[in-house]
Amino acid sequence: MSTTAQGVTITKTGEQGAFGGELLTVNFGPHHPSTHGVLRLIVDLDGEQVRSVKPVIGYLHTGIEKQMEALRWQQGVVVTDRHDYLSPPINNLAYALAVEKLMGVEVPPRAQALRVIMSELTRLSSHLVWMGTSGLELGAMSMLMYCFRERDTILDMNEEISGFRMHTSYIRPGGVMADATPRFFEMLDDFTHTMPGHIDEYENLLTMNPIWRSRTIGIGRLSPEDAKVLGASGPMIRGSGIAWDLRKSMPYSGYENYDFEVAVSDDCDCYGRYLVRIKEMREAVKILRQALDRLPDGPVNVDDRKMLPPPREELETSMEAVIHHFKLFTEGYSVPPGDVYVAVESGRGENGCYVVSDGTHKPRRVHFRSASFVNLQALERMALNHMVADLIAIIGTADTVLGDVDR
Amino acid sequence: MIAETLVVERGVSAGDAWVTIEPANVKSALQSLKNDGFRLLVFLTCVDHLVDTSRTWPARYELVYELRNMETKEQLRVRAFVDGDPPRIDSVHDIFPPANWEERETYDLFGVVFNGHPDLTRILMPDDWVGHPLRRDYPVGGEVVEFSEEHETWQTPPPDA
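So the sequences go chain by chain: A and B.
If you're matching positions, the first sequence starts at 1 in the working numbering and goes up one per residue.
If you're matching positions, the second sequence starts at 408 in the working numbering and goes up one per residue.
Here chain A stands alone, though its shape is the one from the complex (with noise of 0.2 Å):
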């Protein structure tokens, strides 16, 4: 027997429960508004409580590892942007990194402070997109007005900085684009004045608001064993006590220049995991202060005309710079053989990317190790005895983005 509702279909199993009924198994998705996207679970429930979770991913499959090996090197870097679609530069950044890393290149100082700022500022986003809508749908519908606000400043210096609000594709192996404009420095000083005000709004709305507490304390329990073995990171590891933030744990880009904390919490359940978060921008501000204050001078790409294009004065006056620049644009640079693994710390967790490079002017294989579809296989081990309305908060804690979890 079944029924059906908008984006629900129940069956019964005619096995016994503990309680004296049922065990029903509700079909969960993939179309159902919580799921952030489109995210199926069949989940076995007996009374209220959730016996098992089984995820079905695959419904946001783009074959981007696919489309990669088709294209030239820098050319990838719009890909790239695709697949965890709420943190666009810090996929380039995984990728430009590896592919520097290949080539053996390292980046002018302005790019890296420039990649750092873009970095965080995306954090920010990605971070405000996930309070917004977890606020939402565990109640606190005016957590989405507020911080789509904030979100939308960011989104309009993005605008300012590479002409794109979400796709950026700002960040490219050699540098970034081009320098930042004199009005994005303006916006984002503004912004970081203005933002830790933001941050105590929220928490003044969510932090001791009781509705929130009781949805997320001592819901989705996982316990640093857990999270160890399961290979969560991100929030979802830091949530639960373990002080693993690959910015600090193994920098990149400079980030060890700068002072901030990771942030921890010790409450292994939703809530832990919203507080590191609210800890998290809050260090993601003091960073981008940091970043524009010590801004160093000079250029922004590296100085290499078999890499990146010659600057358009150039191509006038030498014939030298016309060939580089046709070459670039006809064939590609090639990358020497080789392969390589590079992490960065996204608004999830670890977002790697491995390449291999046969020597040829596109890429042999790309392989992109998203933190949400590692973090997706803990929700059945936080989500079991819950009851099912907890569900919601679970997977809205857990932070997927179904883009990157099926890629």
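FYI, nobody ran anything at the bench for these hints, they're computed from the structure.
All figures in this text were calculated on a predicted structure; none of them were measured in a lab.
Worth double-checking, as some hints may not be accurate.
Derived BS3-like pairs: lysine-lysine, alpha-carbon spacing no greater than 30 Å straight-line [said to hold, decoys possible]: (1) K441/B <-> K54/A; (2) K248/A <-> K279/A; (3) K279/A <-> K434/B; (4) K248/A <-> K480/B; (5) K327/A <-> K306/A; (6) K434/B <-> K228/A; (7) K441/B <-> K228/A; (8) K434/B <-> K480/B; (9) K54/A <-> K434/B; (10) K286/A <-> K228/A; (11) K228/A <-> K248/A; (12) K441/B <-> K248/A; (13) K306/A <-> K66/A; (14) K54/A <-> K228/A; (15) K279/A <-> K480/B; (16) K480/B <-> K286/A; (17) K327/A <-> K362/A; (18) K248/A <-> K286/A; (19) K306/A <-> K362/A; (20) K66/A <-> K434/B; (21) K54/A <-> K66/A; (22) K327/A <-> K66/A.
Keeping the supplied structure of chain A fixed, place chain B upon it in accordance with the hints.
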């Protein structure tokens, strides 16, 4: 450290340390590395070396296991080369639980069969999909796009419209 008898070759690629092992030894090698502190399987994937002439390869498919020691922050890449149709290797899901889905993904996209995996089904592609898209001989753009003008029934409005 990993027993020298299990290592076929070792080296460093762009600063990343790696070892090659025999595919038959994958479970014992990864288990001994795990006991030595490499407790995290960062990712597991496959590379298809079909017509790659930049180097000579022992076999067509290369399984890559990236391991990390979170205390010493060391990383080690373990490679195993397999051939055959379908290529086969032992599953390591019981040593590293996150490998469960990653092996399903590798099976789905490369057609590598993991012996002893509890639920080796497609994960990203639809269940009835034919072929393994990330193999180098899988054609790009091979999927036919259907347009409604090619189907007479789709253009005919239902009788009560």
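Status of each hint after checking the structure:
1. Only pairs whose Cα atoms come within 30 Å are accepted, and K441/B paired with K54/A is accepted, the gap being roughly 27 Å.
2. About 15 Å separates the Cα atoms of K248/A and K279/A, which keeps this hinted pair within 30 Å; it holds.
3. With a C-alpha separation of about 40 Å, the suggested pairing of K279/A with K434/B is violated against the 30 Å cut-off.
4. Our distance criterion of 30 Å between C-alpha atoms is met by K248/A and K480/B, whose separation comes to about 11 Å.
5. With a CA separation close to 8 Å, the supplied pair K327/A and K306/A stays within the 30 Å bound.
6. A hinted pair counts as satisfied when its Cα atoms are at most 30 Å apart, and K434/B with K228/A qualifies at roughly 20 Å.
7. Using a Cα cut-off of 30 Å, the hinted pair K441/B and K228/A holds, with the two alpha carbons roughly 13 Å apart.
8. With a CA separation close to 23 Å, the supplied pair K434/B and K480/B stays within the 30 Å bound.
9. At roughly 26 Å between alpha-carbon atoms, K54/A and K434/B fall within 30 Å of each other, so this suggested pair holds.
10. Between the alpha carbons of K286/A and K228/A the distance comes to roughly 29 Å, so the proposed pair stays at or under 30 Å and holds.
11. For the hint linking K228/A to K248/A, the alpha-carbon distance of about 18 Å falls within 30 Å, and the restraint holds.
12. Proximity of K441/B to K248/A is assessed by CA-CA distance (about 24 Å); at most 30 Å being required, the pair is judged to hold.
13. The straight-line distance between the Cα atoms of K306/A and K66/A is roughly 26 Å, inside the 30 Å bound, and the hint therefore holds.
14. The suggested pairing of K54/A with K228/A holds, with an alpha-carbon distance near 21 Å, which does not exceed 30 Å.
15. With a C-alpha separation of about 25 Å, the suggested pair K279/A and K480/B falls inside the 30 Å cut-off, and the hint holds.
16. For the suggested pair K480/B and K286/A, the alpha carbons sit about 26 Å apart, so the restraint of at most 30 Å is met.
17. Straight-line distance between C-alpha atoms of K327/A and K362/A comes to about 14 Å, which keeps the hinted pair within the 30 Å bound.
18. Simply put, K248/A and K286/A have alpha-carbon atoms about 15 Å apart, close enough for the 30 Å limit, and the pair holds.
19. The suggested pairing of K306/A with K362/A holds, with an alpha-carbon distance near 15 Å, which does not exceed 30 Å.
20. Simply put, K66/A and K434/B have alpha-carbon atoms about 29 Å apart, close enough for the 30 Å limit, and the pair holds.
21. A threshold of 30 Å between alpha carbons decides the hint, and for K54/A with K66/A the separation of about 27 Å falls inside it, so the pair holds.
22. A C-alpha spacing of about 25 Å is found between K327/A and K66/A, which places the hinted pair at or below 30 Å, so the restraint holds.
In terms of the numbered hints stated before, the structure departs from hint 3 and from no other.
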